[in-house]
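Chain order of the listed sequences is A and B. With our numbering applied, the first sequence corresponds to residues 1 to 107, in that order. With our numbering applied, the second sequence corresponds to residues 1 to 178, in that order.
FYI, nobody ran anything at the bench for these hints, they're computed from the structure. Using N, Cα and C, we set each Cβ at its ideal position, and we do this for glycine too. Please note: incorrect hints may appear among the correct ones.
Cβ pair distances, simulated, as ranges [unchecked claim]:
{"no.": "1", "chain 1": "A", "residue 1": "V42", "chain 2": "B", "residue 2": "E59", "range": "29 to 39 Å"}
{"no.": "2", "chain 1": "A", "residue 1": "S75", "chain 2": "B", "residue 2": "R61", "range": "16 to 26 Å"}
{"no.": "3", "chain 1": "A", "residue 1": "R32", "chain 2": "B", "residue 2": "D137", "range": "13 to 23 Å"}
{"no.": "4", "chain 1": "A", "residue 1": "R107", "chain 2": "B", "residue 2": "S56", "range": "39 to 49 Å"}
From chain B, some residues computed to sit far from chain A (all C-beta separations above 12 Å) [as the list claims (entries may be wrong)]:
{"no.": "5", "residue": "D27"}
{"no.": "6", "residue": "K53"}
{"no.": "7", "residue": "K54"}
{"no.": "8", "residue": "S56"}
{"no.": "9", "residue": "P89"}
{"no.": "10", "residue": "D91"}
{"no.": "11", "residue": "N92"}
{"no.": "12", "residue": "T104"}
{"no.": "13", "residue": "A108"}
{"no.": "14", "residue": "M109"}
{"no.": "15", "residue": "T143"}
{"no.": "16", "residue": "S145"}
{"no.": "17", "residue": "L174"}
{"no.": "18", "residue": "T176"}
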Amino acid sequence: MMVVAGLLLLLAFQKWGRNDSPASRHHVVDIRALAFDPAQLVVESGDTVIWINHDIFPHTVTPVDAATPDSTAMSMGDTVLMVMSNKGDMRYFCLLHPSMTGMVTTR
Amino acid sequence: MNARILSFLPAVFFASTLSAQSASPPDLSDPEVAHVAVTANAIDIELARLAQKKASNAEVRQFATTMVTDHSAVNGQAGALAKRLGVTPLDNAVSKSLLEGAATARAAMEKLEGRAFDRAYVDREVAYHDAVIKALDNVLVPTTSNAELKKLLVDVRPAFIAHLEHARALQKSLSTAK
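Could you build the full structure based on these sequences and the hints that come with them?
If you want it as structure tokens, here you go:
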């Protein structure tokens with residue numbers, strides 16, 4: 001009985017909405033100190049990735065192989081959402097700060 | 001005077017003025033630190049606007065756009081902080097020296113065109129950001145008393161490192177370009 005109660009308690013406190021939860025359909029990438037965190041993310045097809053800019057500097061989330069790079073910059077506090085439908089690796093970078101790079105792998 | 005030498009002048013002066021290795025680094029008050037920081041940013045913004053118009057290389061123009069965007073963001077934050085703290089940035093000898101050096105460098109760069117301008121601008125940005133980072137580390141951050149101002153200076157440092165790396169990459173690219 002105690003073991004069952006313990007397992008139920010564990011399930012009740014399971015975290016949702018962050019990258020470390022296998023059941024989460026939304027994943028967050030924090031942009032802070034000119035870096036994407038996490039820089040590498042693995043998601044399932046159909047999952048949503050949300051980038052949040054915590055920096056005072058504007059940033060972009062620009063796929064490397066984008067035919068027409070989107071230069072719309074995110075100000076501090078802005079978010080960008082992408083639903084990851086295509087399986088494979090999406091490498092991206094910040095157009096304003098090319099040393100900032102990241103990758104989302106969709107399974 | 002050789003344009004490339006002139007492009008280094010602001011950085012050399014900045015470094016020598018604020019170097020912790022000099023006999024007596026300037027004793028700056030917090031309002032003076034704020035003024036130096038705002039001035040240093042403003043200088044880079046002004047030169048970047050020149051580069052946005054004159055640079056022949058698209059990547060150099062993109063870099064200049066980043067300089068305008070980022071240094072403007074820092075000055076925006078600095079201005080908001082100063083207002084909240086009721087502090088008026090105080091003009092001082094260091095700021096004046098920075099402005100004098102910048103005026104000299106700008107005058108020389110305005111005479112350059114094409115690749116000569118691109119190289120002079122990027123060389124200057126490498127030297128300037130290197131000097132700014134050293135000044136932050138050796139003088140501005142240690143000398144600042146106000147915790148919020150100190151935090152702002154520390155928080156913007158990663159951006160200046162990124163700018164330096166970006167400028168160095170451009171410098172390498174321009175030196176190998178045919």
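Against the structure, the hints come out as follows:
no., hint, result
1, V42(A) <-> E59(B): 29 to 39 Å, "holds (32 Å)"
2, S75(A) <-> R61(B): 16 to 26 Å, "holds (22 Å)"
3, R32(A) <-> D137(B): 13 to 23 Å, "holds (21 Å)"
4, R107(A) <-> S56(B): 39 to 49 Å, "holds (45 Å)"
5, D27, "holds (28 Å)"
6, K53, "holds (19 Å)"
7, K54, "holds (20 Å)"
8, S56, "holds (19 Å)"
9, P89, "holds (18 Å)"
10, D91, "holds (24 Å)"
11, N92, "holds (25 Å)"
12, T104, "holds (29 Å)"
13, A108, "holds (27 Å)"
14, M109, "holds (23 Å)"
15, T143, "holds (22 Å)"
16, S145, "holds (22 Å)"
17, L174, "holds (15 Å)"
18, T176, "holds (17 Å)"
Going down the numbered hints, you'll see the structure goes against none, and every one checks out.
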